[in-house]
Amino acid sequence: VAALVLVIAIANVANILLTRALARRREIAVRLSLGVSQARLLRQLLVESLVLSGGSAAIALLVAYAGGGLVQQLLLPGFAWDESVVDGRALSLTLAIVVITALAAGVAPATYARSVDLNAALRTAQPATGGRVGLLRSSLLVTQVSLCVVLLVGAGLFSKSLHAVSTLDVGADLDRLIDVQLPERTGASLTETEEAYADAARVARTIPGVARVSVVGGSTPMGEASVVSVRHDGVTEAFMAGRPMPFYSVVSGGYFETLGAGIEKGRDLNNDDELAGTRVVVVNRALADERWPGADPIGRCITVGSDKVCTRVVGVVENIVSVDRTDPHQPHVYGPRSHPFFAKTYPASLQVRVAGDADAIAAVLARELRALTPTLPPPTIETLERRAAPYLRPWRLGATMFVVFGAAALLIAVVGLSGAMVFAVSQRTHEIGVRVALGASRTQVVAQVGTHSLRAVIAGLSAGLLIAFVFSDQMIDLLFQTSPRDPWVYAGVALTLMLFGCLATIVPARRAASINPLIVLKRD
1 VAALVLVIAI ANVANILLTR ALARRREIAV RLSLGVSQAR LLRQLLVESL
51 VLSGGSAAIA LLVAYAGGGL VQQLLLPGFA WDESVVDGRA LSLTLAIVVI
101 TALAAGVAPA TYARSVDLNA ALRTAQPATG GRVGLLRSSL LVTQVSLCVV
151 LLVGAGLFSK SLHAVSTLDV GADLDRLIDV QLPERTGASL TETEEAYADA
201 ARVARTIPGV ARVSVVGGST PMGEASVVSV RHDGVTEAFM AGRPMPFYSV
251 VSGGYFETLG AGIEKGRDLN NDDELAGTRV VVVNRALADE RWPGADPIGR
301 CITVGSDKVC TRVVGVVENI VSVDRTDPHQ PHVYGPRSHP FFAKTYPASL
351 QVRVAGDADA IAAVLARELR ALTPTLPPPT IETLERRAAP YLRPWRLGAT
401 MFVVFGAAAL LIAVVGLSGA MVFAVSQRTH EIGVRVALGA SRTQVVAQVG
451 THSLRAVIAG LSAGLLIAFV FSDQMIDLLF QTSPRDPWVY AGVALTLMLF
501 GCLATIVPAR RAASINPLIV LKRD
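All residue numbers in the sequence shown are consecutive under the working numbering, ending with 524.
Everything labelled a hint here was simulated from the structure, so no lab data went into it. All values reported here derive from a predicted model rather than from experimental measurement. Be aware that one or more of the hints could be misleading.
[Unchecked claim] Pairs of lysine to any residue residues, derived as SDA-like cross-links and limited to a Cα-Cα distance of at most 20 Å, are as follows:
| id | residue 1 | residue 2 |
| --- | --- | --- |
| 1 | 308 | 237 |
| 2 | 308 | 337 |
| 3 | 308 | 345 |
| 4 | 344 | 192 |
| 5 | 344 | 224 |
| 6 | 344 | 252 |
| 7 | 344 | 307 |
| 8 | 265 | 299 |
| 9 | 308 | 341 |
| 10 | 344 | 188 |
| 11 | 308 | 267 |
| 12 | 265 | 290 |
| 13 | 265 | 294 |
| 14 | 308 | 278 |
| 15 | 265 | 169 |
| 16 | 344 | 190 |
| 17 | 265 | 293 |
| 18 | 344 | 294 |
| 19 | 344 | 193 |
| 20 | 344 | 214 |
| 21 | 344 | 187 |
| 22 | 308 | 229 |
| 23 | 344 | 183 |
| 24 | 344 | 225 |
| 25 | 344 | 274 |
| 26 | 265 | 298 |
| 27 | 308 | 227 |
| 28 | 308 | 245 |
| 29 | 308 | 338 |
| 30 | 344 | 181 |
| 31 | 308 | 188 |
| 32 | 344 | 271 |
| 33 | 308 | 235 |
| 34 | 308 | 231 |
Required output: the full structure, derived from the provided sequences and hints.
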């Protein structure tokens, strides 16, 4: 992405240098006609370029030093940066760019002046927007626009992916949930661990803003992962081969309400299941679709783990995220602690549902639970939304990077296009003045300038969309539930480029419309 922006900037600067050389060719021709030596002219141009490049480099380093930390935090918030933004490598690269830019800016006008006829260059109103020079300048403009289109397409695709992964239904209200893991006690029995979590749950329920609290063992949302073998009548070894075993969680009644998950079929687990010690489980939709596609799983008999006695499926819950925030469709089975297989599973965490600011309540929760066991390490407390943040980072980084650099590229392209059109109007001042004097309207003049500008935009837009379309397959693995050739993204980029292309023509069009034919003709 940075390389594309650099190429766009290079094309823009090259166009500016060429325009500067064209604008100064008469001045250089006068100097040469008066007898100035080539060496002296070259030294003067190099000094001017060094002053300009050196000043620009100083400003660039200052901006990088002041804003580099902000950019780092924007792209990768929370990441520890050990190196300074402006170091020896940055200074060396900047110095090299200063020298190269100074040489290019200083030598280009002199080289161009030596290649033209001095008599022609000394003539007034000599246009320099056609021929090979005009073709080169137009090519540079098309290059800027086309590469800008590629960046904007990337920005649209990554932004759409970020929206898709952010709005993915994970079966739990992550922004209202806090995960609490108590410190492990060396040699603590299952009963002692259960009592510790029961005490912590009682404390948590007394905190203002806490709506529900549930203890869970085995697999926890985006935390520990525990798997179990699930078999039933009709399942074969060939069916099981290569399939990952489902996750399992040991939960109590009300666990799904705590997470905010809905029961789609059947019923939830309840306290009667615990008291009666019945063998019942709730499975998620992914497991139901995998084992009984198109059939009703309620009442089905399964065996769980080493337990060979029939366990009945009493409910189907929506898919709840297990390990990966981006893949909540993993088979999962939920059972009560009274089930013989689940009875020996240690509690893994508390799931705390809050009705207010999760971060603020988490701080209070940490303080209260720390007072409960002052001699032990502090509990691990984290909001599930914060835990899920790393899973969104690839698309957030991609979207941020493409949007920021795409906007910068768009600004560069618009400024370059507007500047090129302004120069073209200045070169054609005499022609426009004559046309107006012969009866052309201001509207016709503006339309002519706008048409010339939009031709470059359309050519660059077409080339950019074609490049993005051809190479879009390289982005398939980087996107989430988004086609790399999404027509809405391409259409949005096209409309954006056309809009900004029209904005870029405002200044040159107004300048062309303000040309006074009387003043132009008097100059002749």
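Status of the hints after comparison with the structure:
As the CA atoms of residue 308 and residue 237 are separated by approximately 17 Å, the hinted pair is consistent with the 20 Å bound. For a cut-off of 20 Å, the pair hint linking residue 308 to residue 337 stands: about 17 Å separates their Cα positions. At most 20 Å may separate the alpha-carbon atoms for a hinted pair to count; residue 308 and residue 345 meet this at roughly 18 Å. For a cut-off of 20 Å, the pair hint linking residue 344 to residue 192 stands: about 13 Å separates their Cα positions.
In summary, the hint linking residue 344 to residue 224 is supported, as the alpha carbons are separated by about 16 Å, within the 20 Å threshold. The straight-line distance between the Cα atoms of residue 344 and residue 252 is roughly 15 Å, inside the 20 Å bound, and the hint therefore holds. Our distance criterion of 20 Å between C-alpha atoms is met by residue 344 and residue 307, whose separation comes to about 13 Å. Taken as a hint, the residue 265 and residue 299 pair is honoured in the structure, with Cα atoms around 11 Å apart against an allowance of 20 Å.
The suggested pairing of residue 308 with residue 341 holds, with an alpha-carbon distance near 10 Å, which does not exceed 20 Å. A threshold of 20 Å between alpha carbons decides the hint, and for residue 344 with residue 188 the separation of about 13 Å falls inside it, so the pair holds. Using a Cα cut-off of 20 Å, the hinted pair residue 308 and residue 267 is violated, with the two alpha carbons roughly 24 Å apart. Between residue 265 and residue 290, the direct Cα distance comes to roughly 16 Å. Compliance with the 20 Å bound is thereby established for this hinted pair.
Using a Cα cut-off of 20 Å, the hinted pair residue 265 and residue 294 holds, with the two alpha carbons roughly 13 Å apart. For the hint pairing residue 308 with residue 278, the CA-to-CA distance comes to about 14 Å; that is within 20 Å, so the pair holds. The straight-line distance between the Cα atoms of residue 265 and residue 169 is roughly 18 Å, inside the 20 Å bound, and the hint therefore holds. Among the hinted pairs, residue 344 with residue 190 is consistent with the structure: their alpha-carbon atoms are about 7 Å apart, no more than 20 Å.
Annotation: proposed proximity of residue 265 to residue 293 holds, straight-line Cα distance about 14 Å (limit 20 Å). Between residue 344 and residue 294 the CA atoms are separated by roughly 34 Å; this puts the pair beyond 20 Å, and the hint is violated. This hinted pair checks out: residue 344 and residue 193 have alpha carbons roughly 11 Å apart, not beyond 20 Å. For a cut-off of 20 Å, the pair hint linking residue 344 to residue 214 stands: about 18 Å separates their Cα positions.
With a CA separation close to 15 Å, the supplied pair residue 344 and residue 187 stays within the 20 Å bound. As the CA atoms of residue 308 and residue 229 are separated by approximately 11 Å, the hinted pair is consistent with the 20 Å bound. Between residue 344 and residue 183 the CA atoms are separated by roughly 19 Å; this keeps the pair inside 20 Å, and the hint holds. This hinted pair checks out: residue 344 and residue 225 have alpha carbons roughly 16 Å apart, not beyond 20 Å.
For a cut-off of 20 Å, the pair hint linking residue 344 to residue 274 stands: about 14 Å separates their Cα positions. Restraint check: the Cα-Cα separation between residue 265 and residue 298 comes to about 7 Å, which is no more than 20 Å; the hinted pair holds. Pair hint residue 308 plus residue 227 holds up; C-alpha atoms about 17 Å apart against a cutoff of 20 Å. A C-alpha spacing of about 17 Å is found between residue 308 and residue 245, which places the hinted pair at or below 20 Å, so the restraint holds.
For the given pair, residue 308 sits about 16 Å from residue 338 by alpha-carbon distance, which is consistent with the 20 Å threshold. For the proposed pair residue 344 and residue 181, the alpha carbon gap of about 18 Å is at most 20 Å, so the pair holds. At roughly 29 Å between alpha-carbon atoms, residue 308 and residue 188 are farther apart than 20 Å, so this suggested pair is violated. A hinted pair counts as satisfied when its Cα atoms are at most 20 Å apart, and residue 344 with residue 271 qualifies at roughly 18 Å.
Proximity of residue 308 to residue 235 is assessed by CA-CA distance (about 15 Å); at most 20 Å being required, the pair is judged to hold. About 9 Å separates the Cα atoms of residue 308 and residue 231, which keeps this hinted pair within 20 Å; it holds.
When held up to the earlier numbered hints, the structure conflicts with 11, 18 and 31 and fits the remainder.
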